[in-house]
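Undergrad: Chain residues, written in single-letter form:
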Amino acid sequence: MSILQVQECQGRLRKAMRLTLKEDEIAYLEGRKGTIAIAKSKGLFFYLETEAEERILFTEPEDLMVASSWGVGNKVKRALACTIFQLREMQAPLIVLPKGHPASPRLKVVVSIGERTRCSCQIQPGTHPEQDVLCSCDEFHHMEIIGRPGGAEILGLAEEESNIAIQKL
Amino acid sequence: MCTVGGGPDIGNIESLAAKDYECLDCKNQFKGMGRRPMCPSCKSRNVKAV
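In order, the protein sequence lines correspond to chains A and B. The numbering used here puts the first residue of the first sequence at 1, with every later residue one more than the last. The numbering used here puts the first residue of the second sequence at 1001, with every later residue one more than the last.
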């Protein structure tokens, strides 16, 4: 990984970073309260299932799967890796709950799939339709993760708060 | 989109732009989003928007 530049944003140091990420790897950004995992989508498609219909989400080879959870530690990392693995390698469908479903507040991992993901702490988990917004902890608020050839670029990563590790998925 | 593992909830999915496609190889019809459509049944890229 390489740091491209460090900027001050809202009184905090924020850095732009480029990660090298192979198709069989997963990157973890671990903060104080939350963890984000990043993996390549490998250009695969994903099933979105609603009560009414099935939709297919197509991706480009350099697109990313970004998963977010509210917690830190090995248990959380395993949950994030498991979610990405199920979706990507097992082609598990995404079952879409209707708004207000009682299970929504119990869910532990949120996922964004696409070229670019913007993290926000100001949205309710799983309740927004925008394709590029992902609910996250406040420490990742305003962070942007973009798929790049051979890896990912992370914009707005808080300088002092995150550990980054890349592992085999 | 934001989805949730285990029982994903991506909110008002019907408002997301999707196109209807037909596979010219296996005639499967499906609704898809994204730039590189592929038939989810036979994996062919020989598809057209209908």
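Quick caveat, the hints were computed from the structure, so don't treat them as lab data. There may be inaccurate statements among the hints.
In silico DMTMM-like cross-links for lysine to aspartate or glutamate, where the CA-CA straight-line distance does not exceed 25 Å [said to hold, decoys possible]:
#1 B:Lys1027 to A:Glu53
#2 A:Lys99 to A:Glu25
#3 A:Lys77 to A:Glu51
#4 B:Lys1027 to A:Glu51
#5 B:Lys1019 to A:Glu115
#6 B:Lys1019 to A:Glu23
#7 A:Lys77 to A:Glu144
#8 B:Lys1027 to A:Glu115
#9 B:Lys1031 to A:Glu144
#10 B:Lys1019 to A:Glu30
#11 B:Lys1031 to A:Glu53
#12 B:Lys1043 to B:Asp1020
#13 A:Lys77 to A:Glu115
#14 A:Lys42 to B:Asp1020
#15 B:Lys1043 to A:Glu139
Since this is a predicted model, take the numbers as computed values, not measurements.
Undergrad: Sort out whether A:Glu115 lies within 25 Å of B:Lys1027, counting only the CA atoms.
TA: Between B:Lys1027 and A:Glu115 the Cα gap is close to 29 Å, so the pair fails against 25 Å, i.e. violated.
Undergrad: Compare the distance between the alpha carbons of A:Lys42 and B:Asp1020 with 25 Å, and conclude whether the hinted pair is satisfied.
TA: Holds - the C-alpha atoms of B:Asp1020 and A:Lys42 are around 23 Å apart, at most 25 Å.
Undergrad: Given the hint that A:Lys99 pairs with A:Glu25, test it: the Cα-Cα distance must not exceed 25 Å.
TA: Given that 25 Å is the threshold and the Cα spacing comes to 33 Å, the pair is violated.
Undergrad: Is B:Lys1019 within 25 Å of A:Glu115, Cα to Cα?
TA: Roughly 19 Å separates the two Cα atoms, so the pair holds.
Undergrad: Is it true that the CA of B:Lys1031 sits at most 25 Å from the CA of A:Glu144?
TA: Judged against 25 Å, a Cα distance of about 28 Å means the pair is violated.
Undergrad: Has the given pair, A:Lys77 with A:Glu115, been kept, meaning a C-alpha gap of at most 25 Å?
TA: 22 Å, holds
Undergrad: Is the hinted pair A:Lys77 and A:Glu144 satisfied, with a Cα-Cα distance of at most 25 Å?
TA: 20 Å, holds
Undergrad: Next pair to validate is B:Lys1019 with A:Glu30; report whether the Cα-Cα distance is within 25 Å.
TA: Measuring from Cα to Cα gives roughly 37 Å; hence the hint is violated.
Undergrad: Given the proposed pairing of B:Lys1043 with A:Glu139, does the C-alpha separation stay at or below 25 Å?
TA: Violated: B:Lys1043 and A:Glu139 sit about 40 Å apart, past 25 Å.
Undergrad: Check the hint pairing B:Lys1043 with B:Asp1020 against an upper bound of 25 Å on the C-alpha distance.
TA: 16 Å, holds
Undergrad: Within a Cα-Cα threshold of 25 Å, do B:Lys1031 and A:Glu53 meet the stated pairing?
TA: Holds, at about 9 Å.
Undergrad: Given the hint that A:Lys77 pairs with A:Glu51, test it: the Cα-Cα distance must not exceed 25 Å.
TA: Violated, because 30 Å separates the two Cα atoms, which is more than 25 Å.
Going through the hint list in order, the structure does not satisfy hints 2, 3, 6, 8, 9, 10, 15.
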